[in-house]
Amino acid sequence: MSSKTIPQNHFAKSKVIGKATLKIGVAKGKSLVKRKFLSPSKKEQEKKENNEKIAEIIMEALGEIKGVSVKIAQQIGLNLTFLPQEFITKLEQSFNQIPPLNRAVVRKVIKSELNAYPHELFGSFDSEVFAAASLGQVHQATLDDVCVVVKIQYPGIEASIKNDMSVMRFVLQKATKSKEINHLVSEIADRLYEEIDYELESNNQSYFASHLQNPHIVIPKVYKKYSTSKVITTQKLNGLILKDFLATNPTQEERNHYANLLFQSFFDSLYHLHAIHADPNPGNYLFMESGKLGMIDFGCIKRVDEKFLRLYSKLHLALIERKDEAMIMEFYYQLGMIEKDEHKKMKEFYYKVLYPLDSLYIEPFVSGEFDFKKHHDFSKKGFEALMSIQKDNGYEMDKLNQEFIFLDRTLLGLYAIFEKLGAVVDTNYAIELMRREI
Amino acid sequence: MKVSKKTKQKTKIKLIESAVEVIIEKGYKSASMREIAKRAGVSDPTIYNYFPTKEQILYAYIELKHTEALKMLKEIEDFETYSLREQLQSLIEAELELYLADREFIQEIFDLAFYSSSVKLEELYHTKELFTDMIKEMFALSIEAGEIEPQPFEEFVPLLFWDYFIAVVAYWLKDDSQSFSNTTRFVDYSMEIIESVIKANLLSKISDFGLFLFKTHILSKISKFGMKPSKFDSVKRRFMEVLDE
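Going line by line, the protein sequences match chains L and P. My numbering puts the first residue of the first sequence at 1371, with every later residue one more than the last. My numbering puts the first residue of the second sequence at 43, with every later residue one more than the last.
It cannot be assumed that every hint is accurate.
[Said to hold, decoys possible] Going by beta-carbon spacing under 10 Å, a handful of chain P positions derived as facing chain L:
1. 105
2. 119
3. 120
4. 127
5. 128
6. 132
7. 138
8. 139
9. 220
10. 221
11. 226
12. 233
Hints are computed from structural coordinates only; laboratory data are not their basis. Just so we're clear, the structure is a prediction, and the values are computed from it rather than from any experiment. Even glycine gets a Cβ: it sits at the ideal position worked out from N, Cα and C.
With the hints as constraints, model all of the structure from the sequences given.
Below, the structure written as structure tokens:
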């Protein structure tokens, strides 16, 4: 049962990196030699295979340092939008592989965080793991006969992040051509530190719960007295996850209802709270009784400022209303998506990189309603458009505005859920909010 | 006047607690029996009925903590469903939890045991009986439940574990991480190794000599984290070997 032991010290880790770097070097070298002899069409295939190989090597290295690295991998998938799809796929496979905490550790963490043992704090405490969570795990318990869930973090995670990030920085520098990797690595580290701060999460959750006013959205109550930066106790919601909900053969009306709820809550939080729940993993939504939708896990929140929001709205409205390209390019420039350059170059960049993206993104909004049953591969096309930019190597995608990319990715994640639901979504709702903002 | 057993036990605990306080304040050497007695509200001669020497109080302290740890483990509702590793790990965490309030005192005992001759390590080992009994019991339970194979060198395994525990305490005393999370990780990782050794029934595959090697091997691994064997020792040992020949 026991997994491979975890190389703890720095020396063991650097050996792991050394091995990985060497292999990447070999993989790249091989393909360089080969490529010269291949026709252009084969080149593409060859490059793809090579990327897969590199991703595999990185995964192997990550596998050996384990623990936090899995989380880092996940963050890379979310943040490094310019990475080839092959990397992301490999990285995503590694989700939820954090070694479980045994009961002795669970007791110890609760005792040192909440100053008492589980049985002293809770009416009942189920020592069996209920679910895996970001860098920890979830247990079921009761408080005054109310069912709650207690999320517990693996001890000493901060130190691991620090070590693993330096490993990642090195591997990424070797594996990608970009020299701009440092600020992205720092960005990922910041996200991770945010994500392991359960206090931040409980504040976010309370904030969303009290400000996101939709009678159909349920955000579980946080029990602050039973929460710290490493333990978070919240009300337990009863509901079905997407897969189980779909198995109940819901009516078209129900499907539409939930999709619209999700869509509305995204734009409501964006425009009223200036923050979004940026982890559109289907597991974070619970389909509850009487048309209610539960939202859980507020560990990944993206905040945006007013200035960005105004520009974002202006740009989207301009695109929807098909305004002229000079205006659109100006908005892109102000958003930091396009660099000020001579007009011809800017135009070229716009048409080659941004246009294919936004023409796609705008599609659901143009007619005010969008049928995701008909367009069941919309999110796939969206992600592909985002990734295809990488293939034109002339552009440095890592310079693009991160907020912008983040919002679009989250939205695409929601669209993927709508497609599974086969729902029709009223997108006018979002346009109204955009109009009010400018 | 006849003193009941219960009162006697109470006084004993009171004396131990006072000793901990006084030793933390003044250090082991400067703490006098007289002051310990005074702090506990006991007359000078009475303390000697309980503890003939100051050292005896230290041993009684360790014993008391073992008793308390046992009580803590018994309070865990579903302890019988715990795996052997979880039971062993819970015992370690329980002991450390109990030591927490008296950390400075534990540090003092450790220094005395390891760096001077005022407290004899062997004597300290005698207090471990309850501890090793608990370990024996956990192994017995695990074998009964079919979780692990009967272990050879049955007598040695609990002793080996006691050695390991001492190393954990040494590590814990040096740990400056928040809520001693590094110690928890150290215990978790090392227990993973111990668990796989037990599950693979590795002990049955090695001879007496192998066990000896195994023991020194584990201890030398652990020493990386805290206790460094002094170079002086190895010089002396060589000298003794020559004499033997």
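Holds or violated: is there a CB of chain L closer than 10 Å to the CB of residue 138 of chain P? holds, 8 Å
Cut-off 10 Å, beta-carbon criterion: hint that residue 127 of chain P touches chain L: At about 7 Å, which falls below the 10 Å cut-off, the nearest Cβ of chain L leaves the hint on residue 127 of chain P intact, so it holds.
Take the shortest C-beta to C-beta distance between residue 105 of chain P and chain L; is it under 10 Å? violated, 23 Å
Status of the residue 119 of chain P interface restraint (C-beta, 10 Å, chain L): Given a least distance of 6 Å, the restraint on residue 119 of chain P holds.
At a threshold of 10 Å, is the proposed contact between residue 221 of chain P and chain L supported by beta-carbon distances? holds, 4 Å
Under 10 Å, Cβ to Cβ, is where residue 139 of chain P needs to be relative to chain L, so tell me if that hint holds or is violated. holds, 6 Å
Restraint check, 10 Å cut-off on beta carbons, for residue 128 of chain P near chain L: holds, 5 Å
For the hint on residue 233 of chain P, does the least C-beta distance to chain L fall short of 10 Å? holds, 8 Å
Using 10 Å as the Cβ threshold, decide whether residue 220 of chain P counts as touching chain L. Status holds, d = 8 Å.
Supplied contact hint for residue 120 of chain P, tested at 10 Å Cβ to chain L: holds, 6 Å
Once the shortest beta carbon distance from residue 132 of chain P to chain L is found, is it less than 10 Å? holds, 4 Å
Tell me if residue 226 of chain P is really an interface residue toward chain L, meaning its C-beta lies closer than 10 Å to one of theirs. Interface hint status for residue 226 of chain P: holds (4 Å vs cutoff 10 Å).
Of the numbered hints stated above, the single one contradicted by the structure is hint 1.
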